Amino acid sequence: AQSVTQLDSHVSVSEGTPVLLRCNYSSSYSPSLFWYVQHPNKGLQLLLKYTSAATLVKGINGFEAEFKKSETSFHLTKPSAHMSDAAEYFCVVSDMIKAAGNKLTFGGGTRVLVKP
Amino acid sequence: DAGVTQSPTHLIKTRGQHVTLRCSPISGHKSVSWYQQVLGQGPQFIFQYYEKEERGRGNFPDRFSARQFPNYSSELNVNALLLGDSALYLCASSSSTGKDTQYFGPGTRLTVL
Numbered sequence: 471a472q473s474v475t476q477l478d479s480h481v482s483v484s485e486g487t488p489v490l491l492r493c494n495y496s497s498s499y500s501p502s503l504f505w506y507v508q509h510p511n512k513g514l515q516l517l518l519k520y521t522s523a524a525t526l527v528k529g530i531n532g533f534e535a536e537f538k539k540s541e542t543s544f545h546l547t548k549p550s551a552h553m554s555d556a557a558e559y560f561c562v563v564s565d566m567i568k569a570a571g572n573k574l575t576f577g578g579g580t581r582v583l584v585k586p
Numbered sequence: 536d537a538g539v540t541q542s543p544t545h546l547i548k549t550r551g552q553h554v555t556l557r558c559s560p561i562s563g564h565k566s567v568s569w570y571q572q573v574l575g576q577g578p579q580f581i582f583q584y585y586e587k588e589e590r591g592r593g594n595f596p597d598r599f600s601a602r603q604f605p606n607y608s609s610e611l612n613v614n615a616l617l618l619g620d621s622a623l624y625l626c627a628s629s630s631s632t633g634k635d636t637q638y639f640g641p642g643t644r645l646t647v648l
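Line order of the protein sequences matches chains A and B.
Every letter in the first sequence is one number past the one before it in this note's numbering, and letter 26, counting from 1, is 496.
Every letter in the second sequence is one number past the one before it in this note's numbering, and letter 86, counting from 1, is 621.
So here's chain B without its partners, still in its complex pose:
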């Protein structure tokens, strides 16, 4: 079975632009979570979606938004990019929420110039 897939692999943007990152969960998983990993640090929670509804949001500005589609794939959108948004963006999927294990994709490396 395919694991979590993310696209694109790498992305270069300039300050002020907008970016959309995509994630497809493991087949049968209904929950998707997004994390930001700045170089040299552990990942930080951004969002969790389950059955197309937001179940949680981390301490990120409103420039960050996400949504989940009927097929359980998800998009993370970031507006008005800042240099500090440069990071590895990780998507994780799980069967549901609660104590279910989250399985991670390979990530999207975003560089903001």
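Looking at chain A on its own, in the form it has when it is part of the complex:
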């Protein structure tokens, strides 16, 4: 079974400084990996997706993530944090299940606080 570990439960950054959210995964085959963001009392919004094409994936709102197979990592970065980036971020792996289905396995989440 797949699993996802987000190495930081909370990250605090100042506005305008870089953001780094760390994620490690375990997978028995070539995975599909995602980052989703959840603002307070909202659903989940897709930031970006990796599906075995380019290892550096660009997403929305200036976020990008790098897939490193040798390190089983998929860290999320943004060069300059904005106040609107304050939210919870989830690293997610897609897991094939029987009957040709798939399920998403979520990490525990990283809550990002942006200080003015």
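Keep in mind that the hints were calculated from the coordinates and are not lab data.
Quick caveat, the model's predicted, so the values are computed rather than measured.
Each hint should be verified, as a subset may be incorrect.
Stated by the list, open to error - Stretch-level coverage of chain B by chain A, calculated; a stretch enters the list once three of its residues show a Cβ under 8 Å from a Cβ in chain A: (1) 550 to 562; (2) 589 to 601; (3) 610 to 616.
Stated by the list, open to error - Capping the alpha-carbon separation at 30 Å, the derived lysine-lysine pairs in DSSO-like fashion look like this: (4) 548/B - 519/A; (5) 528/A - 539/A; (6) 565/B - 519/A; (7) 519/A - 538/A; (8) 565/B - 528/A; (9) 585/A - 528/A; (10) 548/B - 512/A; (11) 528/A - 512/A; (12) 519/A - 539/A; (13) 538/A - 528/A; (14) 512/A - 585/A; (15) 519/A - 585/A; (16) 587/B - 512/A; (17) 587/B - 528/A.
We treat Cβ as the ideally placed atom computed from N, Cα and C, and that holds for glycine.
Guided by the hints, dock chain B onto chain A, whose structure is given.
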């Protein structure tokens, strides 16, 4: 285009009652998945349906059931509610299954008293 819609937005029930949550997928999407998100945790997979057939089930008791209708909308039913069922229930739709991206609705907040 409308995204995934869920109803109701909020729901308060008492222990032992039954609840039905509803989801309408993005137009053209044929797969619906359900997730439970307990406060402070990441979502947990409950069910996936594709073309009205169950394609997967997570580690949830038989009190949880679901179905998908010919128009691809879906219902999640929970019987004999427990306090621990209080959570945000998220519905996600995708074109099919496999590696297709799942797009999430805003969720239904269920509180069991």
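Going through the hints against the structure:
no. : hint          : in the structure
1   : 550 to 562    : violated (count 0)
2   : 589 to 601    : holds (count 4)
3   : 610 to 616    : violated (count 0)
4   : 548/B - 519/A : violated (37 Å)
5   : 528/A - 539/A : holds (17 Å)
6   : 565/B - 519/A : holds (20 Å)
7   : 519/A - 538/A : holds (14 Å)
8   : 565/B - 528/A : holds (27 Å)
9   : 585/A - 528/A : holds (25 Å)
10  : 548/B - 512/A : holds (21 Å)
11  : 528/A - 512/A : holds (23 Å)
12  : 519/A - 539/A : holds (15 Å)
13  : 538/A - 528/A : holds (15 Å)
14  : 512/A - 585/A : holds (21 Å)
15  : 519/A - 585/A : holds (28 Å)
16  : 587/B - 512/A : holds (27 Å)
17  : 587/B - 528/A : violated (34 Å)
In this structure, the earlier hints numbered 1, 3, 4 and 17 are contradicted, and the remaining ones agree with it.
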